[in-house]
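With chain E fixed as given, assemble chain X onto it according to the hints.
Taken in sequence, the protein lines are chains E and X. Position in the first sequence counted from 1, then plus 7, gives you the working numbering. Position in the second sequence counted from 1, then plus 430, gives you the working numbering.
Calculated from the structure, these hints are not laboratory results. Here the structure is a predicted model, which means the values were calculated and not measured. Backbone N, C-alpha and C define an ideal beta-carbon position, used for all residues, glycine too. Hints may be right or wrong, so weigh each one.
[Said to hold, decoys possible] Pulled a few chain X residues facing chain E out of the computed Cβ check, cut under 10 Å: (1) Thr432; (2) Ile442; (3) Arg516; (4) Val539; (5) Ala542; (6) Ile543; (7) Phe544; (8) Phe617; (9) Ile618; (10) Ala637; (11) Tyr640; (12) Met652; (13) Val655.
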Amino acid sequence: MTATRRALDTTIIIVVIVLLWQGFARWVGDTALPGPAPTFLYLTHFVPSARFAENAAATAIAFALALLLAYGLGLAIGVWMGAQRLSGEVGEPILITLYSLPKITLYPVILLIFGLTLSGKVVFGAIHGILPVALLTMAAIRNIPMVYLKSARTLHLSPWQTISNVLLPATIPEVMAGLRIGFTVTLLGVLLAEMFASKDGLGFLIINAMTLLQAKEMISIAIVLFAFAAIANAILLWIEHRLHRRV
Amino acid sequence: MTRAGWIRLLVIAAMIGALELACRLDFIDHRVMIPPSEMATALVAILASGQLNDDIARTLGVIAIAVAMSVVLGFALGLLIHALPRLRGALDPFFATYYAVPVFIFYPVMIAIFGLSVIPIVLMGVATAIVAMIIATLNGLDRIPRVLTKVARVHRMGRFATALQLQLPAAAPYLFTGVKLSVSYAFIAVIAAEFILAPAGLGRAIANAYADFDNRRMYALMLFVLLIATVVNAGLHAWDLRWARRRGARPS
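Excised from the complex, chain E in its bound form (with noise of 0.2 Å):
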């Protein structure tokens, strides 16, 4: 009854920002802001187009590489700093003040060593992702209780059992918790670099539209990017959730 309820308030909510949306599109003109229905007809259209599909893949290839490289050495830090204590007291301010820093500024620098290339993208894109995961993972591992640990030592378990039946259950909720951090801004990362110089992807495509002036175009990429981030946020909540409540 009350999920019912509030499904539909959030309902209410997005019917709300649609009739502002057609209202301020009345205001400001065609050109500059197509209304709400021709905006979702050529969306319709244009995302099954060939056109999108090729930027939509240059973009999916580009972000699942960097998270990759995100995943793989924001783990790996992160499980370093978190096993040990000094490198973790050393490094996470380090962390912190990178994580804060709008890291766009260093794009050129990557533009410079990679050229127009994947890689460059890439490497964008896991510079962003790294971060949140390393922090949490540290995190994760300090928060351990030392209960657990000395309980495993009292019931003589193997250090192959501690990890898969003590460790990873303990750490892994907070763990997943970057993990979905660290998909956020590895898409924001990987789109940036696309916005700022390339010469295929989502990021780029939008850029273009704007150029171009296609609004229509420039909002149905951002509406399809942005379904695309709720979804598999709302995903990756979920299996956190899920995890959380296992333990």
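For chain X alone, kept in the frame of chain E given last:
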């Protein structure tokens, strides 16, 4: 300073030193990166000449406006949403996904609507920063201990006095977290917006230097942005710690 602090300083110095050496010994092409010492001298020269004062003032001004708007509006909206539980329930899924979606992709839409001026940049700054402030306000209001409301009733305090003397101080640490996040988000959003497309500003100056192959200028400005962001974040963090200690020293 603690032992870890000294080691950290040493690690950072070693990294800068290694970079300097790699550049000097031509392991890194000077067309890719210039030695850190040259970045610093170039930055000093630029700052001394004053040629970028306008861009610096513009960018920092835009960030300040975006932060001020986000904090004030975010706090007000937080109060409003907290007072309306049904609205809050409906908005919760939006708050949970807001920072998961790249809001930044709407920057070109903003430019299409408002033109290439300072307005879309401020709006991007506010759009990224304000939700953090709203969430922090809701968090802070949730954590006000019930007992404070009872104390207020016992002392027959008015609604206004209760809010100002009891509830605001109780929620303050959470509000400050919101301010801290707002500053850091606004910084990132404004610089990124200028980078992609803007008439002027620090981010634009870096992008222009990159387009002109002017590496000295580009690296000097990058260093400047990173230094400012680090100093501002460190300053807010130190302030937070001092507040926390003061609260700890005076148990209420």
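Enumerate the violated hints, using their earlier numbering and listing them in ascending order. none
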